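Protein chains: 4
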Amino acid sequence: MIEFCLIGAGFIGPVHAANIAQHPRARLRYVVDLDRAAAERIAAKHGSTIATLDRALADPELNAVVICTPPRTHAMLIEAAAKAGKAVFCEKPIDLDMANVEACGGVLRRTAVPFFVGFNRRFDPTHKAMREKIARGEIGRPEMLVISSRDPEISPPDYVAAMPFGIFYDTMIHDFDMVRWLTGDEPVEVYARTAVMLDEKTNPHRDPDTAMAMLTLKGGALAHVNSSFRAVYGYDQRIEAFGEKGMLISCNQQPTSLESYSAEGVRRDPLHYFFVQRYAKAYADELDDFIAALEAKRAPSIGFEDGKRALAIAYAAMESAKSGKPVKL
Amino acid sequence: MIEFCLIGAGFIGPVHAANIAQHPRARLRYVVDLDRAAAERIAAKHGSTIATLDRALADPELNAVVICTPPRTHAMLIEAAAKAGKAVFCEKPIDLDMANVEACGGVLRRTAVPFFVGFNRRFDPTHKAMREKIARGEIGRPEMLVISSRDPEISPPDYVAAMPFGIFYDTMIHDFDMVRWLTGDEPVEVYARTAVMLDEKTNPHRDPDTAMAMLTLKGGALAHVNSSFRAVYGYDQRIEAFGEKGMLISCNQQPTSLESYSAEGVRRDPLHYFFVQRYAKAYADELDDFIAALEAKRAPSIGFEDGKRALAIAYAAMESAKSGKPVKL
Amino acid sequence: MIEFCLIGAGFIGPVHAANIAQHPRARLRYVVDLDRAAAERIAAKHGSTIATLDRALADPELNAVVICTPPRTHAMLIEAAAKAGKAVFCEKPIDLDMANVEACGGVLRRTAVPFFVGFNRRFDPTHKAMREKIARGEIGRPEMLVISSRDPEISPPDYVAAMPFGIFYDTMIHDFDMVRWLTGDEPVEVYARTAVMLDEKTNPHRDPDTAMAMLTLKGGALAHVNSSFRAVYGYDQRIEAFGEKGMLISCNQQPTSLESYSAEGVRRDPLHYFFVQRYAKAYADELDDFIAALEAKRAPSIGFEDGKRALAIAYAAMESAKSGKPVKL
Amino acid sequence: MIEFCLIGAGFIGPVHAANIAQHPRARLRYVVDLDRAAAERIAAKHGSTIATLDRALADPELNAVVICTPPRTHAMLIEAAAKAGKAVFCEKPIDLDMANVEACGGVLRRTAVPFFVGFNRRFDPTHKAMREKIARGEIGRPEMLVISSRDPEISPPDYVAAMPFGIFYDTMIHDFDMVRWLTGDEPVEVYARTAVMLDEKTNPHRDPDTAMAMLTLKGGALAHVNSSFRAVYGYDQRIEAFGEKGMLISCNQQPTSLESYSAEGVRRDPLHYFFVQRYAKAYADELDDFIAALEAKRAPSIGFEDGKRALAIAYAAMESAKSGKPVKL
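The listed protein sequences derive, respectively, from chains A, B, C and D. With the working numbering applied, the first sequence corresponds to residues 9 to 337, in that order. With the working numbering applied, the second sequence corresponds to residues 9 to 337, in that order. With the working numbering applied, the third sequence corresponds to residues 9 to 337, in that order. With the working numbering applied, the fourth sequence corresponds to residues 9 to 337, in that order.
Any given hint could turn out to be false.
Repeated chains share a single entry, so a pair holds when one copy, or any two copies, can fit it.
Below, simulated DSBU-like cross-link-like pairs (lysine-lysine); rule was C-alpha separation at most 30 Å, straight line [said to hold, decoys possible]:
1) K336 to K316
2) K209 to K253
3) K209 to K226
4) K330 to K226
5) K209 to K141
6) K136 to K226
7) K330 to K253
8) K209 to K316
9) K226 to K141
10) K53 to K333
Think of the hints as simulated: they come from the structure by calculation, not from any bench. Please read all numbers here as calculations on a predicted model, not as lab measurements.
Build the full structure now, drawing on both the sequences and the hints.
Have a look at this one:
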């Protein structure tokens with residue numbers, strides 16, 4: 009039985025809490041959050057104890073932490089947990105500052121605790137099937153990737169204020185990871201442009217809410233990613249890989265397969281509303297994989313290097329958007 | 009150059025007229041219709057002459073007639089044209105009375121003029137591709153056919169009054185032909201039920217406007233056909249063939265391939281409104297095939313026997329609907 | 009906490025066992041099966057006790073039984089459980105013999121235990137959305153239903169031998185329930201035809217493996233159902249409801265949303281293999297609904313009358329297939 | 009009756025010839041081509057006369073020319089026809105050299121002959137429906153465009169040699185026009201990257217056969233275009249417009265609507281092979297529009313300025329691909 013501590017009870021926290029709770033070989037021992045009410049909601053639901061970070065990390069029965077706090081606290085929490093000898097499952101990004109990331113990497117190397125970055129999309133059954141087909145050579149060498157990755161809403165103003173250019177750090181970072189993971193290749197240059205399309209009320213900080221990026225890969229392939237924080241039709245998640253022998257598309261998904269025919273046309277559901285619905289299985293599967301890695305004493309499937317590289321691309325994309333010039337990686 | 013006379017300027021008449029006019033090796037020499045205004049509209053458009061039937065048939069330059077008049081006049085007109093030695097392209101059904109059909113068949117055999125029944129669906133590219141795949145054994149022996157064949161509107165009251173149970177004679181007759189043509193097998197029994205679902209105003213004669221039929225084929229396969237005269241979403245034309253190795257579906261078609269995503273869902277066009285739009289290419293291709301047959305002096309692709317058999321099934325379906333019992337063929 | 013006894017560890021048994029085990033307010037206390045190895049596999053997985061039926065039913069802590077044994081034993085087991093005062097969740101059909109069903113109904117009325125028939129499809133999210141739209145009048149009065157319901161394989165010979173015409177009793181019975189549930193109307197007549205299409209080896213008893221049925225409803229609507237025990241492309245589950253204002257289709261579903269483009273065309277996954285995959289959520293949700301009914305002391309959502317009526321239609325369909333004539337209900 | 013001279017009998021020439029020939033108010037009077045055999049094939053088919061350019065242009069009965077020669081000859085031929093007072097329908101691009109284009113524009117202004125650039129995609133029914141919906145505000149202000157525009161094959165080596173970076177000049181130029189036409193806005197900056205992915209034999213000149221471009225529009229919207237000369241699954245033509253109120257996608261199209269279900273999955277046709285098939289209706293409709301403009305003495309729908317602007321974007325994209333830097337327009 010793997011004993012977990014959830015650090016961060018908001019946003020994606022409840023999703024991980026529920027997945028831990030219903031996993032046959034895991035238990036949610038502690039919930040840590042400054043927001044006591046949020047912590048209590050989760051603790052009550054899953055029979056967990058509310059604790060301070062120190063107390064939780066001091067418990068020798070605790071095996072692992074899941075970090076779901078705001079990004080700026082990730083590196084610090086990773087280090088604390090690593091020094092306490094706990095395995096770490098951390099949401100992306102590792103940090104917003106590359107120097108902090110490097111320091112964090114040093115601690116992880118020294119402590120040698122198992123570390124996993126939550127690139128949940130790698131566990132989506134359709135994206136996985138796509139990668140397997142690419143790896144089997146079904147489309148030959150990938151030549152172009154086209155990724156649409158759009159959210160139905162922007163994060164709350166506080167969250168946005170804490171992480172300017174979150175469209176790269178928080179959203180496209182997943183897509184940059186997809187580019188690396190699907191092609192097995194590394195971007196060497198990125199060019200990005202952003203726009204502010206939402207109104208003052210919805211986006212008071214005027215942080216970019218719309219963006220496109222273009223990546224050149226070492227092997228010569230080209231990749232495009234686009235994002236928005238206002239897809240009114242739901243969470244738009246499409247990945248397309250084009251190669252010499254064909255194309256694969258990981259298409260959007262909808263809650264039901266119902267079709268309605270009327271004089272106005274043929275209608276299907278809007279897309280899943282957001283990541284909790286669209287990637288429900290991926291969240292459960294990534295946690296299961298992390299647990300399996302701890303049990304088998306093997307390295308988790310997505311490590312520090314993956315987290316760092318995707319972050320470096322996000323950082324370069326921000327630099328490019330600011331300068332208006334392509335940025336080398 | 010094949011010289012044509014169009015008999016019947018209403019309904020499907022203008023479609024055949026336009027196809028003749030734009031065929032590189034055909035000419036619309038005459039238009040015959042009691043409704044002089046309708047005849048004139050077509051004649052003016054294509055530079056044809058308005059004529060009486062007798063005058064047209066007496067012209068030795070005339071090669072062929074296309075009969076698009078109301079069903080009860082078909083057999084008589086076929087016989088007149090055949091006796092005048094003209095090739096005949098006739099819309100289905102050959103007649104509503106099996107005795108008339110037999111008599112007509114006798115005339116056709118004696119005169120040996122080329123004869124073609126307008127089962128236009130046999131020339132639809134998708135239905136054709138389906139038949140070719142079945143013939144190549146792609147689904148193995150066909151075991152079940154499921155056909156949906158629904159019109160967006162009922163015919164005008166006069167037309168309905170002239171042909172009770174038109175849902176079998178005028179609409180499903182196409183589907184019965186599809187069953188024969190796709191499987192290469194013959195129905196041996198039919199069971200049918202009807203309903204009157206439209207209101208008094210739209211369907212004053214209370215003739216069946218909704219129907220289902222079930223056919224058993226000699227080889228053991230089963231077939232289902234359903235029809236309605238009120239598909240508000242357009243002309244619904246689907247054929248499904250199921251066999252030991254798989255299934256083929258000839259899916260519906262729409263005017264454009266546009267998808268609209270909004271908070272209400274994902275929307276595509278309604279289906280093509282009716283047969284003129286949906287089967288535009290099939291109408292042109294069946295005429296081209298008839299012309300090619302005349303030029304090559306080969307028998308037209310769809311002959312008297314095909315017309316008679318589909319009619320016999322329609323007749324049996326009507327008998328079954330009236331009696332509530334299955335009818336042997 | 010609702011304490012369950014699973015009766016019947018084969019086939020669908022493990023699905024129900026897993027759903028009970030992971031339900032937050034239920035526990036799988038006992039597993040009953042003559043096949044000790046099968047019972048042990050489930051008991052070991054979920055920490056349950058293997059018991060005889062008598063011992064399990066004698067336990068006052070036990071609240072409910074789930075019956076997943078072969079159909080011929082259902083009525084007897086329902087009666088035993090009901091007499092012991094346990095709530096009963098039973099797989100369809102209630103029995104194969106209408107007299108047994110009536111007797112069983114008498115016991116249920118006298119004992120007044122909660123009773124639920126496992127028409128799992130009523131809990132499928134897409135079928136449910138369809139019913140809600142029909143109920144809201146989105147397509148007006150339903151006029152035609154077209155249901156395709158095909159399995160990827162035939163049951164083992166022993167199972168087939170124990171229940172001739174299983175294509176009606178075991179498979180189409182679900183569809184007959186769908187007809188009632190979706191329209192809120194009752195069939196008054198059924199006509200059915202069957203065929204034996206599988207080879208001697210796969211279907212040694214030459215029991216019908218292919219069937220079509222046509223139903224007339226009290227309100228005049230028509231319904232078609234087709235089934236096969238050999239859909240090589242997976243579990244084919246489509247329901248189509250046509251009405252005066254439009255059409256709804258509950259379309260097939262696939263494991264992933266991946267599209268593969270090559271010179272051979274555009275390919276998507278085969279359908280889900282069978283009911284365990286296709287209706288995974290429906291199985292969990294029907295159990296949750298049963299548990300919620302017990303907790304709320306309300307009648308379960310699908311009762312004895314539903315089970316009996318669907319069975320009566322299946323029986324009539326078999327009679328029709330045997331006699332070749334439509335059968336009144 | 010508009011009398012036409014076709015200049016250039018190869019490639020797209022036969023398509024325009026056939027459309028002229030079957031237009032009720034047009035006639036293909038002359039065919040001009042140095043390749044006498046090619047000219048003869050078309051002339052014979054449509055009853056036209058083979059002529060030299062001078063002789064054709066000297067004929068006072070001639071109303072218009074259609075220019076389908078290699079791009080480097082366009083400006084010269086436009087000028088010759090304009091000076092002879094003939095209306096001009098010219099394939100894109102106007103020329104490869106911006107100075108020639110400007111000179112050509114001067115001649116067109118002085119002579120004031122009607123001039124039309126063959127951006128055929130503006131006449132595709134689906135793209136048109138998309139533009140109308142955008143214009144009606146259905147998706148609000150367009151914020152992002154994503155265009156995939158891929159050919160099934162590269163042009164012959166001679167053609168490639170005559171027009172380096174044809175992927176921008178010959179292919180993406182259509183997409184750049186789509187960006188302008190759909191949004192009603194103008195790109196102010198373009199960034200592009202190319203790759204050579206085909207083998208030496210297929211692409212001996214190592215001219216770019218794969219490309220991506222990113223455009224920033226005056227109003228702030230972003231656009232992405234990708235192209236390839238080796239889409240093995242057919243002519244890939246997709247346009248996606250995303251805005252504040254939703255998204256529109258002009259989806260790919262296929263020859264038939266047949267679906268094949270087997271154990272390997274669900275398969276549909278490859279896409280239309282190339283532009284002749286995919287845009288058949290668009291080619292006929294653009295010619296009809298040109299003829300209608302001549303008859304109505306109104307300016308053709310797509311004029312010199314449209315041709316010049318799309319070309320300027322293509323030129324800038326090439327500059328960007330060469331320099332690796334974004335280029336202002």
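Task: Hints violated by the structure (numbers, ascending) - done: Hints 8 and 10 contradicted; others consistent.
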